[in-house]
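**Student:** One letter stands for each residue in the lines below.
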Amino acid sequence: MLSRVAERLFWAARYLERAENTARLVRVYDELLFDLPRDIKISWYNLIEINSGTEQFEQRYKVKDERNVVKFLLADDTNASSMLSSLKMVRENIRTTRDVVPEEMWELINELDMYARQNIKQGINRSGRHDFLNTVIEGCQKIIGLLAGTMTRDSGWQFLIMGRYLERADMNTRIIDAAVSLMLQSEAEESVRLGQVVWAKVLKSQSAYLDYRRTVRTSINGAKAVTFLLRGRFFPRTLSYCLEQIREAASKLPRSGIITARVDKLYGYEYPIERSEDLDEKFHDYLNDFQLDLIEINYQITENWFHFRQGDAA
Amino acid sequence: MDNLSSQYQSNGFFDELIDNKGKPRPPAKQLLGYLDSLSEEELEKRKLMAEATIQEMGISFTVYTEEGNIDRAWPFDIVPRTIDAKDWRVAEAGLKQRLKALNLFIDDLYHDQQVIKDGIIPEHIIKDSKNFRPECVGVSPAYGVWAHICGTDLVRDEDGEFYVLEDNLRVPSGVSYMIENRAITKRVLPELFENDSILPIDSYTSQLFDTLAALSPRDIEDPEIVVMTPGIYNSAYFEHAFLAQQMGVELVEGSDLYVDNHDDCVYMKTINGPALVDVIYRRIDDLFIDPEAFHPDSVLGVPGLMRAWRKGNVALANAPGAGVADDKVVYAYVPDIIRYYLKEEPILKNVETFLCEDPEQRAYVLANLDSLVVKPANESGGYGMLVGPHSTKKDQAMFAELIEANPRNYIAQPTLKLSTSPTLISKGNLEPRHLDLRPFILQSKDSYVTTGGLTRVAMKKGSLVVNSSQGGGSKDTWIVETKGR
Numbered sequence: 001m002l003s004r005v006a007e008r009l010f011w012a013a014r015y016l017e018r019a020e021n022t023a024r025l026v027r028v029y030d031e032l033l034f035d036l037p038r039d040i041k042i043s044w045y046n047l048i049e050i051n052s053g054t055e056q057f058e059q060r061y062k063v064k065d066e067r068n069v070v071k072f073l074l075a076d077d078t079n080a081s082s083m084l085s086s087l088k089m090v091r092e093n094i095r096t097t098r099d100v101v102p103e104e105m106w107e108l109i110n111e112l113d114m115y116a117r118q119n120i121k122q123g124i125n126r127s128g129r130h131d132f133l134n135t136v137i138e139g140c141q142k143i144i145g146l147l148a149g150t151m152t153r154d155s156g157w158q159f160l161i162m163g164r165y166l167e168r169a170d171m172n173t174r175i176i177d178a179a180v181s182l183m184l185q186s187e188a189e190e191s192v193r194l195g196q197v198v199w200a201k202v203l204k205s206q207s208a209y210l211d212y213r214r215t216v217r218t219s220i221n222g223a224k225a226v227t228f229l230l231r232g233r234f235f236p237r238t239l240s241y242c243l244e245q246i247r248e249a250a251s252k253l254p255r256s257g258i259i260t261a262r263v264d265k266l267y268g269y270e271y272p273i274e275r276s277e278d279l280d281e282k283f284h285d286y287l288n289d290f291q292l293d294l295i296e297i298n299y300q301i302t303e304n305w306f307h308f309r310q311g312d313a314a
Numbered sequence: 001m002d003n004l005s006s007q008y009q010s011n012g013f014f015d016e017l018i019d020n021k022g023k024p025r026p027p028a029k030q031l032l033g034y035l036d037s038l039s040e041e042e043l044e045k046r047k048l049m050a051e052a053t054i055q056e057m058g059i060s061f062t063v064y065t066e067e068g069n070i071d072r073a074w075p076f077d078i079v080p081r082t083i084d085a086k087d088w089r090v091a092e093a094g095l096k097q098r099l100k101a102l103n104l105f106i107d108d109l110y111h112d113q114q115v116i117k118d119g120i121i122p123e124h125i126i127k128d129s130k131n132f133r134p135e136c137v138g139v140s141p142a143y144g145v146w147a148h149i150c151g152t153d154l155v156r157d158e159d160g161e162f163y164v165l166e167d168n169l170r171v172p173s174g175v176s177y178m179i180e181n182r183a184i185t186k187r188v189l190p191e192l193f194e195n196d197s198i199l200p201i202d203s204y205t206s207q208l209f210d211t212l213a214a215l216s217p218r219d220i221e222d223p224e225i226v227v228m229t230p231g232i233y234n235s236a237y238f239e240h241a242f243l244a245q246q247m248g249v250e251l252v253e254g255s256d257l258y259v260d261n262h263d264d265c266v267y268m269k270t271i272n273g274p275a276l277v278d279v280i281y282r283r284i285d286d287l288f289i290d291p292e293a294f295h296p297d298s299v300l301g302v303p304g305l306m307r308a309w310r311k312g313n314v315a316l317a318n319a320p321g322a323g324v325a326d327d328k329v330v331y332a333y334v335p336d337i338i339r340y341y342l343k344e345e346p347i348l349k350n351v352e353t354f355l356c357e358d359p360e361q362r363a364y365v366l367a368n369l370d371s372l373v374v375k376p377a378n379e380s381g382g383y384g385m386l387v388g389p390h391s392t393k394k395d396q397a398m399f400a401e402l403i404e405a406n407p408r409n410y411i412a413q414p415t416l417k418l419s420t421s422p423t424l425i426s427k428g429n430l431e432p433r434h435l436d437l438r439p440f441i442l443q444s445k446d447s448y449v450t451t452g453g454l455t456r457v458a459m460k461k462g463s464l465v466v467n468s469s470q471g472g473g474s475k476d477t478w479i480v481e482t483k484g485r
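As you go down the protein sequences, you meet chains P and D in turn.
For what it's worth, full-length UniProt numbering labels the leading residue of the first sequence as 1, then goes sequentially.
For what it's worth, full-length UniProt numbering labels the leading residue of the second sequence as 1, then goes sequentially.
Some clues are possibly wrong.
Which residues of chain D face chain P? A partial, calculated answer using Cβ under 10 Å [stated by the list, open to error]: (1) Glu250; (2) Ser255; (3) Asp256; (4) Tyr258; (5) Val299; (6) Gly384.
If you're looking for bench data, these hints aren't it; they were derived computationally from the structure.
Heads up, the beta-carbon is just placed ideally off N, CA and C, and yes, glycines get one too.
Let the sequences and hints guide you as you build the complete structure.
**Tutor:** Written out as C-alpha cells, the structure is:
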C-alpha cells in the first residue's frame, strides 16, 4: 500500500472520530447544564481549554460565552479541529482513497458532511442542538458500522483502526481532564452533589453509563468512574481498550516493533487512584503527560510508515 | 413507439442508423425494431434508469469554470450508435497501420531524421514544433514504440466513409467512458444483448495491462506498473482511478515516487518501504513529468524521471516527446508518412487540410474563413478553434489576425458534414445529432484496437462540437456482426 494512501486513511479515521467526539462533548455539556443546580456555575470555556484551543479562540472572539464556544467547536472553519472542519477533512481524505474503502463510504461521508453544513445553525442555537448533534453522531456511527461490516481487513484497515483509537484515546483523556478540572474548581461543600452529576454525564458522553452500572455495580463517584474509563478492559472507549486496539493493528503491519513497544510501556503503567481526592493536580499532570505520549505515538506512526526517507532498505 | 425510423429526418447528412430512404441500416435493424416496440413512457423510464445508474456509479468529469471546478455527471444518450462489423474491420486495420507508421516516424525523428533528409517532411516543421523534445534525441524505447496508447478521432462524412480527424498521442482520455457506457446500456436495454450479436468491449483494460507489462525493463513475471495522475483536480481523474482499479495497479501522484540518485531507478513509497517501479502509465503532460528536465516549478512530477527513463530503468507510456506526431501540421503529412515507412497506401483517409504556413494555402484560408474550420496546431479539447459557418464577422477578423501573426500555428479544414445518429432529446422524440468516434489503439509488443470506441455526440441541435468540456455527450457504440442475415 502506498504511504500516501495509508496516511490519508489514518487521518480520515482520526477526523471522523474527532467529529463524533466533538459532537459528544458539546452534547454532554449541554445536558450537564440542564441537570446542575442553578447555583453551581460551570463555564463553557472549559471546553476550549481542554481542547488546547485558547489562543485560537481568543484571536477570534472577545466574549467567552456559550454561543461563541459552541460556534468555535462545531462550526468555525478557522479551527482545524471543529466538527465541520473535521468532517471536511474526512471527505477530502476519502475522496482520493475511494478505491480502498467500501464503495458506500464516499456516499455516506458526503451525505453527513452536507447535512452538518446545511443544518449547522441548529447546532449553534440551543433549541435544535440536541437533535442536530444526535444526527451527526448517528451519521458517524453509520460509517463506522459500514466499515466494520464490509471493509477488507488489509493494511488499510489497520491504519483506520490506529487513527480511530488514537483519536479516541486522546479525547478520552481530555474529557476526563475537563471533569477533573471542573471538580477542582468547585467549592468543597458542593463537590459531592456536583460529582454525582458530572461523572454520570462523563460516562454518558462515552455511552458508558449502563456498562459501568452493570460491571462496576456501585454508585457513581470520581475515582470509580475514572478507573473504569482508564482501565476498563471490555468497553470500546476506555483508554486500555484503545491502546490494545492500536497495538494489535500496528502488529499486523511491517516494521511495527517501535510502535508496539511504546504502546506496551504506556499500557503497563497504572496510575494509582484510590479515592476521589486522588483526582488532583498531580493526576491532571499525568493526563497531560499521557496526551504527550499519544502525540509521540502519532509521530512515530508518521515517521515509520508515511514519511519516507529515500534509500531506506526495501 | 410506432415507426420511429419513418418519422425521423436526417436532413441530408449521413445517418448511422437509418438510410436516406428511412430504412434501418442492417446493423441497426434489431435495435430500431426494439425501440419501436417500446412506448414513449417506457423509453422515458429507460432514460431515467440510465441517469440513476450514472449517479450510482459515480461517473463524473470535472469542468473548469470561474466559480471553481464542478464534477458533472456524464451526459449520456441511451440510443446506441451501431456500426457494421465488416466496416469496422477495415477501420481497425487502418488505425493499426496509422499508429505503426506514426511510431516509426517518431522514432526516426529522434534518431537519424531520414524522413527529413529524404524530403518527405520539411525540416522547419520539426524544428518549430512545440512538442519536439531535444531531451529525447537518441533514446530507444522498447520495440521502437513511443506512442503506446493513442486515441484517434474518426468522423464519417456524407458519403459514409471514415476519415481521420486527428490523432491524440499524448494523454488521450475517454476510454473509461466507453466502458461505462456499455455497462449502463446493458442495464438499460438488456433485452438487446440477448438476441443481437454485439461484439464485447471489455477486454480493453486487460489489453492495456498487457501492453504496459510488455514494456517492463526487468524481465520478470509481475512487473510493477503504476498509473500516474496529476491529482483529483484533473478533469480525467475519474478515468485515472478507474483504469488503475480495473488493472489492479496503484494510482500514484508525483509525490509518491522518487528517483534514487545511486541507481537512477524509480521507486514508489509504500508502507513496506521503497518498491521499484517498472512501468509508468503517466497521465501528465510531458512538460510536467520531471521538474529537473522541464518546468522547474512543477510539483506534479518526479525529479530525475527523465534521467531514469533515458537510462532505460523505467518505461514511460506514452514516451516523452511522442506528441511531436499529433501536431495538426504533421497530421497533414500522415498519408505520406504511411507511404514512406510502410510502402503501403493509407487505408483511412485524412480530412483535407490547409496549412496556413504555405502562402498559397493561407490566402485560400483567409478568403474562406466563413466556411472553414480553423484549428490551432497544438490545442486539444476543442479550445481556441473557429467554426466558420457558426462564427461572426468579428470572430473571423480575430482569427485572420491570429493566423497572420503565427501562420505555422494554424491549419484549416472544410466544415465536415459529420454523420448523425438518432438521439433521445425530449420525451418520445428522436432527433439527429452529429457525432464522432474515438477508438483507442494500443501498441507495444502487439497491437490492439478497441471494438468501436467512444462515440461523442453534440447534444445541441446543429452543433458540430462534441467535446465533453463544451457540452457534448456520449453514446454506447455497437459493432454488430451482420453476417448471415
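**Student:** Give me the numbers of the hints this structure contradicts, sorted from smallest to largest.
**Tutor:** 5 and 6
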